[in-house]
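Protein chains: 2
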Amino acid sequence: MRYKKYNRRKQEIPVDDLVSRLQGGERVALAQAITLVESNSEYHFEKAQDILQSITNPANPSVRIGITGVPGVGKSTFIDTFGMYLCEKGLKVAVLAVDPSSQVSKGSILGDKTRMERLARHKQAFIRPSPSSGTLGGVNRKTRETILLCEAAGFDVILIETVGVGQGEFVVRSMVDFFLLLVLTGAGDELQTMKKGIMELPDLIVVNKADGDNLNKAIKAEHEYNTILHFLKPYTEGWTTKAMRASALKEIGIEEIWKTVERFFSTTKENGVFSNRRMQQKKDWLYDMIKEQLAYQFFHHPLIKEKIPFIEKGVLDGEKTVANSVEQLIAAFMNAKGLG
Amino acid sequence: MRYKKYNRRKQEIPVDDLVSRLQGGERVALAQAITLVESNSEYHFEKAQDILQSITNPANPSVRIGITGVPGVGKSTFIDTFGMYLCEKGLKVAVLAVDPSSQVSKGSILGDKTRMERLARHKQAFIRPSPSSGTLGGVNRKTRETILLCEAAGFDVILIETVGVGQGEFVVRSMVDFFLLLVLTGAGDELQTMKKGIMELPDLIVVNKADGDNLNKAIKAEHEYNTILHFLKPYTEGWTTKAMRASALKEIGIEEIWKTVERFFSTTKENGVFSNRRMQQKKDWLYDMIKEQLAYQFFHHPLIKEKIPFIEKGVLDGEKTVANSVEQLIAAFMNAKGLG
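These protein sequences, in sequence, are chains G and F.
All letters in the first sequence, in the order written, are residues 872 to 1211 by our numbering.
All letters in the second sequence, in the order written, are residues 872 to 1211 by our numbering.
Derived from the structure by calculation, the hints contain no laboratory data.
Check each hint, because a few of them may be wrong.
One copy or two, either will do: identical chains are not told apart, so a pair holds if it fits within one copy or between any two.
Unchecked claim - Restricting the straight-line Cα-Cα distance to at most 20 Å, the calculated cross-link-like pairs of lysine-lysine (PhoX-like) are: (1) LYS1113 x LYS1067; (2) LYS994 x LYS1176; (3) LYS1067 x LYS1140; (4) LYS963 x LYS1153; (5) LYS1140 x LYS1130.
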């Protein structure tokens, strides 16, 4: 395991060397840098931050695409087919996963590279399973930083897959330029099982498995989704979210999807939405992470950990008011901070 | 102004006395207690909390209804007509407003009681304009506490109005049992101007102004909204959100609305959703207020206020990493003991 090497500090690679190899497109260097980013150790954290501070922005910004859909919709097959199409166009493709529910890296989503058999073997592709969460910002930070590393290593397209668990879709939406929702036929049934607000996130809906006996149902679903989209406000200013159909398995409709993505990027780069969004995402990331870390420090403070169960019980039983309880807790924390 | 009285501490009314008068249904006592709740002074805050801690829960829990809709939809007329209908049924009705955008109480929403002319004069009704925000929890806390005071004073129905500004609808949704969205005819156009996610909040959609020449358009809109609702997940478990039409001006359809509200309460009280929701709302309120106050302490800390503009610039310019900046800021805050 490469990871072990980093536990023995003597053998470690200097940051400068790692950065130049990474920027030269060396996959081993990229994998090592990501391992540092994903580590939960304070020491690796510092080193990873040094690397991130040293890398320069790529000349051409990459294309960051989020992909989601319920289990069984065919996400792996779609990414395999779509990724292969992009590789064959000469593009370098990185596939990352976000799984906010994973406490330990079980490789549950993408660890099994056989899920994307062809893409996993392609020399222009790089597949990385979902990181585990940790104390220094969790899955969210690690994925964002991994995107930056992949871009520095020259990857043109970053595909970020998420399962429909917890806040996965919203987290991924906040780190990509373009968001694609994969769906199946039977819009009504499927929409009932989707989480609230999901329908308002995508820049494109793709009805997958539009082949063979399923084709007519897919055409109907495409129409239904377009009807609903007509009533919803598109996520991206100046862009109309549409539904289209495809078959990842039969490789039908893949080129049309890519053309839509290209049209999206030319539109949003021209009207300024692309760069505004990237800037805003960076700012949101800063403030979100501050609040996340602040809450972490608070709720993990020994004093608060001791008090909170009594406070919660008192409030729910109606013995204490919410505002008073909050005031007391915050005051106790502000006086005892240094202890944490 | 009654408010001034409280600034002269000598003349103040003891908590016990105020509480017993308030629970006896005395309107003056209720108004005084709300003024304390709304005050931004630390001293009044303590006193308000004493009152809140002293009041006992009403024997029959009240009905908390949130009402929203775009400007021009006829919210005032609707509340006037709906409120009068309820008063005539023998119920006591309180009308509150939430306007998260109001920094100072301009009485912008409900201050002008002529907006609800008939209801404002009715002895069973109580109308209170939107409070201003402040440092001890803001509009959100003040409205929640005012609800509790109104309930202790024996009001049966609490109507909470919000304008479609900022997070108003989401804030109100988090403090009510039932949420009503007022709309106009022309679903497609209107939906395009609504904020993302609004359509997934209500327990009932009412197409207002369904009278005269507008009736046919209202019937069409009712149908369109029901089509969209069919594809969305209802907000309340075990309840199907439907659209219906009404005319607040002509007093048509008001009884049907109240029957729907009654059916909602009997359903959700039977399946446990009502009490679970109230419990969860209280818990969410506690944790939301903790995070809000924590962020307030942080961003108002002199050390952070000084550092944050440089940090933000460094991050946006790409000179510093997000994670590193956050770590430094949090460490500085945690070490800056007692300064806050």
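Query raised in the report: Is it within a copy, between copies, both, or neither that the alpha carbon of LYS1140 lies no farther than 20 Å from that of LYS1130?
Result: Only inside one copy: LYS1140 and LYS1130 sit 15 Å apart there, 52 Å across copies, limit 20 Å.
Query - Copy assignment of LYS1067 with LYS1140, given that the CA separation must stay at most 20 Å - result: Neither: 30 Å inside a copy, 23 Å across copies.
Report task. Could you place LYS1113 and LYS1067 in one of the four classes (within, between, both, neither) given a Cα distance threshold of 20 Å? Result -> Both. Shortest intra-copy (19 Å) and inter-copy (17 Å) distances satisfy the 20 Å Cα cut-off.
Query raised in the report: How would you classify LYS963 and LYS1153 at a CA-CA limit of 20 Å: within, between, both, or neither?
Result: neither (24 Å within a copy, 50 Å between copies)
**Report entry** 20 Å Cα threshold - placement of LYS1176 relative to LYS994
**Finding:** neither (50 Å within a copy, 49 Å between copies)
In this structure, the earlier hints numbered 2, 3 and 4 are contradicted, and the remaining ones agree with it.
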